[in-house]
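S.K.: Residue numbers (the numbering used here), protein chains in the order written: chain A, 1 to 255; chain B, 1 to 308.
In case anyone wonders, no lab produced these hints; they're calculated from the structure.
Quick caveat, the model's predicted, so the values are computed rather than measured.
Every residue gets a Cβ at the ideal spot worked out from N, C-alpha and C, and that includes glycine.
Incorrect hints may have been included.
What the hints assert, rightly or not - Label-pair restraints from in silico Cβ distances: (1) B/Asn132 x A/Ile178: 24 to 30 Å; (2) B/Ser134 x A/Ser247: 36 to 42 Å; (3) A/Leu212 x B/Pro35: 49 to 55 Å.
To be verified - Below, a list of computed lysine-lysine pairs in the DSS-like style, where the Cα atoms sit at most 30 Å apart: (4) A/Lys95 x B/Lys74; (5) B/Lys109 x A/Lys9; (6) B/Lys26 x B/Lys179; (7) B/Lys288 x A/Lys94; (8) B/Lys26 x A/Lys13; (9) A/Lys13 x B/Lys10; (10) B/Lys179 x A/Lys13; (11) B/Lys138 x B/Lys108; (12) A/Lys13 x B/Lys267; (13) B/Lys179 x B/Lys110; (14) A/Lys94 x B/Lys26; (15) A/Lys9 x B/Lys26; (16) B/Lys28 x B/Lys179; (17) A/Lys13 x B/Lys109; (18) A/Lys95 x B/Lys28; (19) A/Lys94 x B/Lys138; (20) A/Lys9 x B/Lys110; (21) B/Lys110 x B/Lys96; (22) A/Lys97 x B/Lys10; (23) B/Lys260 x A/Lys97; (24) A/Lys95 x B/Lys96; (25) B/Lys10 x A/Lys94; (26) A/Lys9 x B/Lys126; (27) B/Lys10 x A/Lys95; (28) A/Lys9 x B/Lys138; (29) B/Lys138 x A/Lys97; (30) B/Lys74 x A/Lys97; (31) B/Lys74 x B/Lys109; (32) A/Lys95 x B/Lys260; (33) B/Lys233 x A/Lys97.
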Amino acid sequence: MNNIWAICKREIKTYFTSPIAYVAITVFLIVTGFFFYTLIQWFNLQSMQMARNPQYYQQLNINQMVYAPLFHNISIILLFLVPILTMRLFAEEKKSKTEELLYTSPVSISQIILGKYFASLLVLLVMLFLNSLLSVFVFAFGNPEVLPLLSGYLGLFLMGAAFMALGIFFSSLTENQIVAASLGFGFFLLFFVLNWASQFAGGIWRSVLNYLSFFQHFDDMTRGILDTTDIVYYLSLIFFGLFLTHSVIQSRRWR
Amino acid sequence: MIEVEHLTKKFGDLFAVRDLSFRVEKGKIWGLLGPNAAGKTTTMRILTGYLPATNGKATVSGYDVFEQTNDVKKITGYLPEVVPLYTEMTVEEYLKFVADIKQIPPDKKKEAIGRSIEISGLDLVKHRLIRNISRGFKQRVGIAQALIHDPQILILDEPTIGLDPAQIIEIRQLISSLKGEHTIMLSTHILAEVTQICDGVVIISDGQLKASGSLEELTSSLTERDGVFIRLKKAGEELMSLFSSIPGVENVFRQDDGFKIEWGTDKDIRDVITRYVVDNDLGLIEMKSLGMNIEDLYLKVISGGTEQ
Numbered sequence: 001m002n003n004i005w006a007i008c009k010r011e012i013k014t015y016f017t018s019p020i021a022y023v024a025i026t027v028f029l030i031v032t033g034f035f036f037y038t039l040i041q042w043f044n045l046q047s048m049q050m051a052r053n054p055q056y057y058q059q060l061n062i063n064q065m066v067y068a069p070l071f072h073n074i075s076i077i078l079l080f081l082v083p084i085l086t087m088r089l090f091a092e093e094k095k096s097k098t099e100e101l102l103y104t105s106p107v108s109i110s111q112i113i114l115g116k117y118f119a120s121l122l123v124l125l126v127m128l129f130l131n132s133l134l135s136v137f138v139f140a141f142g143n144p145e146v147l148p149l150l151s152g153y154l155g156l157f158l159m160g161a162a163f164m165a166l167g168i169f170f171s172s173l174t175e176n177q178i179v180a181a182s183l184g185f186g187f188f189l190l191f192f193v194l195n196w197a198s199q200f201a202g203g204i205w206r207s208v209l210n211y212l213s214f215f216q217h218f219d220d221m222t223r224g225i226l227d228t229t230d231i232v233y234y235l236s237l238i239f240f241g242l243f244l245t246h247s248v249i250q251s252r253r254w255r
Numbered sequence: 001m002i003e004v005e006h007l008t009k010k011f012g013d014l015f016a017v018r019d020l021s022f023r024v025e026k027g028k029i030w031g032l033l034g035p036n037a038a039g040k041t042t043t044m045r046i047l048t049g050y051l052p053a054t055n056g057k058a059t060v061s062g063y064d065v066f067e068q069t070n071d072v073k074k075i076t077g078y079l080p081e082v083v084p085l086y087t088e089m090t091v092e093e094y095l096k097f098v099a100d101i102k103q104i105p106p107d108k109k110k111e112a113i114g115r116s117i118e119i120s121g122l123d124l125v126k127h128r129l130i131r132n133i134s135r136g137f138k139q140r141v142g143i144a145q146a147l148i149h150d151p152q153i154l155i156l157d158e159p160t161i162g163l164d165p166a167q168i169i170e171i172r173q174l175i176s177s178l179k180g181e182h183t184i185m186l187s188t189h190i191l192a193e194v195t196q197i198c199d200g201v202v203i204i205s206d207g208q209l210k211a212s213g214s215l216e217e218l219t220s221s222l223t224e225r226d227g228v229f230i231r232l233k234k235a236g237e238e239l240m241s242l243f244s245s246i247p248g249v250e251n252v253f254r255q256d257d258g259f260k261i262e263w264g265t266d267k268d269i270r271d272v273i274t275r276y277v278v279d280n281d282l283g284l285i286e287m288k289s290l291g292m293n294i295e296d297l298y299l300k301v302i303s304g305g306t307e308q
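Work the whole structure out from these sequences, hints included.
M.R.: Next up, the structure:
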């Protein structure tokens with residue numbers, strides 16, 4: 001446990017003493033803030049128009065109309081930013097040969113991986129937390145339902161956490177950070193839209209493609225539906241990513 | 001103590017180390033010599049648990065490197081060829097991190113960091129970012145990092161590379177001072193370094209052992225004759241026959257403005273010659289031993305392939 005914390009602490013320090021975390025968080029907040037602003041404006045406009053029609057007015061729902069699309073937009077931004085946050089984690093150790101220190105210290109490979117992973121999760125948490133502060137205005141002037149909001153943020157966190165785990169895996173494959181980021185970005189994008197292909201696939205493939213797609217599992221959560229299948233999906237992706245990283249590092253040393 | 005038996009490491013079809021066996025005694029400094037690509041770094045990486053071997057056995061202080069890797073890592077300090085530095089940290093932060101992952105107990109951490117900073121002479125730069133300090137200081141941070149947990153075994157891959165002459169001497173003194181409590185193995189290209197600080201050498205080439213043993217053992221086993229060079233105030237030809245008549249002397253040559261006297265390695269007749277010179281009042285100016293030096297030894301071993 002102490003070892004994991006030692007590794008994690010150093011990674012957090014690196015994130016926050018270099019511009020990486022600040023730039024990523026700032027970009028994230030500006031872009032998501034802009035999305036939030038436009039969605040709220042649009043909702044405002046709708047409300048005013050519908051105020052004349054009580055029947056439609058009943059159907060106005062800030063969770064559905066602002067938060068669900070917002071969560072989808074945030075997930076796309078995460079898809080861009082996570083590979084940039086994880087590309088360094090193993091690639092740089094390899095390039096600068098600092099891995100030799102780690103692997104000759106009494107620290108296990110799993111502890112190294114977990115330490116780095118937790119550090120990247122912390123950056124994700126900071127991003128999502130700062131973003132969630134925007135909702136203060138919504139609560140001040142409206143009354144959104146809290147549970148769908150929480151499940152949406154949980155969905156974002158789980159998806160980001162899965163991206164981070166897979167991003168770490170891509171970082172362990174190479175000593176070039178750009179390669180690691182490109183692999184991560186390409187893979188995430190492909191898995192995001194995998195369900196598009198399901199329309200043309202038949203039989204079992206349709207459900208397989210649907211199940212594998214990030215989007216499908218995320219969609220429910222943005223609408224406040226918490227399904228164990230979705231949570232299990234993300235947790236198994238996290239496990240899969242970290243496990244692959246472990247295998248890569250182990251096999252590289254045995255070659 | 002470090003013991004290596006029939007160690008083999010293959011990268012694909014290439015042998016980096018082939019059937020290597022040697023022993024480093026406790027508390028001694030042992031040099032690992034060899035031309036480039038001889039397998040020095042690979043051997044050290046295997047001993048520190050960084051790389052697994054393809055075959056063979058290695059034990060460090062009684063722990064099997066492949067079975068009890070974690071125990072080995074706890075008692076070993078390692079300075080790799082490329083110093084593993086996180087350049088965005090200050091020297092002190094970096095050493096704190098190393099102290100953490102070397103599992104120094106929290107109550108001893110501060111002391112350990114202070115001690116390694118002091119020993120390695122880093123007091124001046126301890127609050128500076130590693131990326132901003134000079135090459136020599138970076139090398140010292142590498143040494144501080146290897147020493148921080150006061151390891152029984154120290155493995156140093158070219159510890160004096162990139163340092164200026166004064167720093168080289170300092171680092172050599174530092175390494176010598178660690179002898180006794182620590183068993184040290186270092187690789188180097190500087191042969192003079194070996195004679196100055198090492199008790200013994202392992203010479204490898206193409207991943208294979210060429211020679212190993214203490215310096216005296218090796219030099220005496222590789223030379224057939226011992227000898228002295230002697231310079232005197234008197235330098236007449238008659239001295240040639242005079243020296244030849246000393247019992248045990250095999251050859252006498254004129255060399256420069258003195259004489260070279262040789263005898264078999266089975267005995268030492270230096271004192272006999274000295275007495276001769278004094279008794280005959282020849283006026284001694286200079287007398288020096290002509291035993292094999294490390295350069296000769298190295299070249300002979302690398303080219304000849306004599307195994308000891």
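S.K.: Taking the hints in turn, state whether each one holds.
M.R.: Do the hints match the structure? See the list:
no.: 1; hint: B/Asn132 x A/Ile178: 24 to 30 Å; in the structure: 26 Å, holds
no.: 2; hint: B/Ser134 x A/Ser247: 36 to 42 Å; in the structure: 40 Å, holds
no.: 3; hint: A/Leu212 x B/Pro35: 49 to 55 Å; in the structure: 54 Å, holds
no.: 4; hint: A/Lys95 x B/Lys74; in the structure: 25 Å, holds
no.: 5; hint: B/Lys109 x A/Lys9; in the structure: 16 Å, holds
no.: 6; hint: B/Lys26 x B/Lys179; in the structure: 9 Å, holds
no.: 7; hint: B/Lys288 x A/Lys94; in the structure: 51 Å, violated
no.: 8; hint: B/Lys26 x A/Lys13; in the structure: 40 Å, violated
no.: 9; hint: A/Lys13 x B/Lys10; in the structure: 38 Å, violated
no.: 10; hint: B/Lys179 x A/Lys13; in the structure: 37 Å, violated
no.: 11; hint: B/Lys138 x B/Lys108; in the structure: 24 Å, holds
no.: 12; hint: A/Lys13 x B/Lys267; in the structure: 66 Å, violated
no.: 13; hint: B/Lys179 x B/Lys110; in the structure: 24 Å, holds
no.: 14; hint: A/Lys94 x B/Lys26; in the structure: 33 Å, violated
no.: 15; hint: A/Lys9 x B/Lys26; in the structure: 37 Å, violated
no.: 16; hint: B/Lys28 x B/Lys179; in the structure: 6 Å, holds
no.: 17; hint: A/Lys13 x B/Lys109; in the structure: 19 Å, holds
no.: 18; hint: A/Lys95 x B/Lys28; in the structure: 34 Å, violated
no.: 19; hint: A/Lys94 x B/Lys138; in the structure: 19 Å, holds
no.: 20; hint: A/Lys9 x B/Lys110; in the structure: 18 Å, holds
no.: 21; hint: B/Lys110 x B/Lys96; in the structure: 8 Å, holds
no.: 22; hint: A/Lys97 x B/Lys10; in the structure: 21 Å, holds
no.: 23; hint: B/Lys260 x A/Lys97; in the structure: 52 Å, violated
no.: 24; hint: A/Lys95 x B/Lys96; in the structure: 22 Å, holds
no.: 25; hint: B/Lys10 x A/Lys94; in the structure: 21 Å, holds
no.: 26; hint: A/Lys9 x B/Lys126; in the structure: 20 Å, holds
no.: 27; hint: B/Lys10 x A/Lys95; in the structure: 23 Å, holds
no.: 28; hint: A/Lys9 x B/Lys138; in the structure: 22 Å, holds
no.: 29; hint: B/Lys138 x A/Lys97; in the structure: 14 Å, holds
no.: 30; hint: B/Lys74 x A/Lys97; in the structure: 20 Å, holds
no.: 31; hint: B/Lys74 x B/Lys109; in the structure: 15 Å, holds
no.: 32; hint: A/Lys95 x B/Lys260; in the structure: 55 Å, violated
no.: 33; hint: B/Lys233 x A/Lys97; in the structure: 60 Å, violated
Consistency note: the structure conflicts with the earlier hints numbered 7, 8, 9, 10, 12, 14, 15, 18, 23, 32 and 33.
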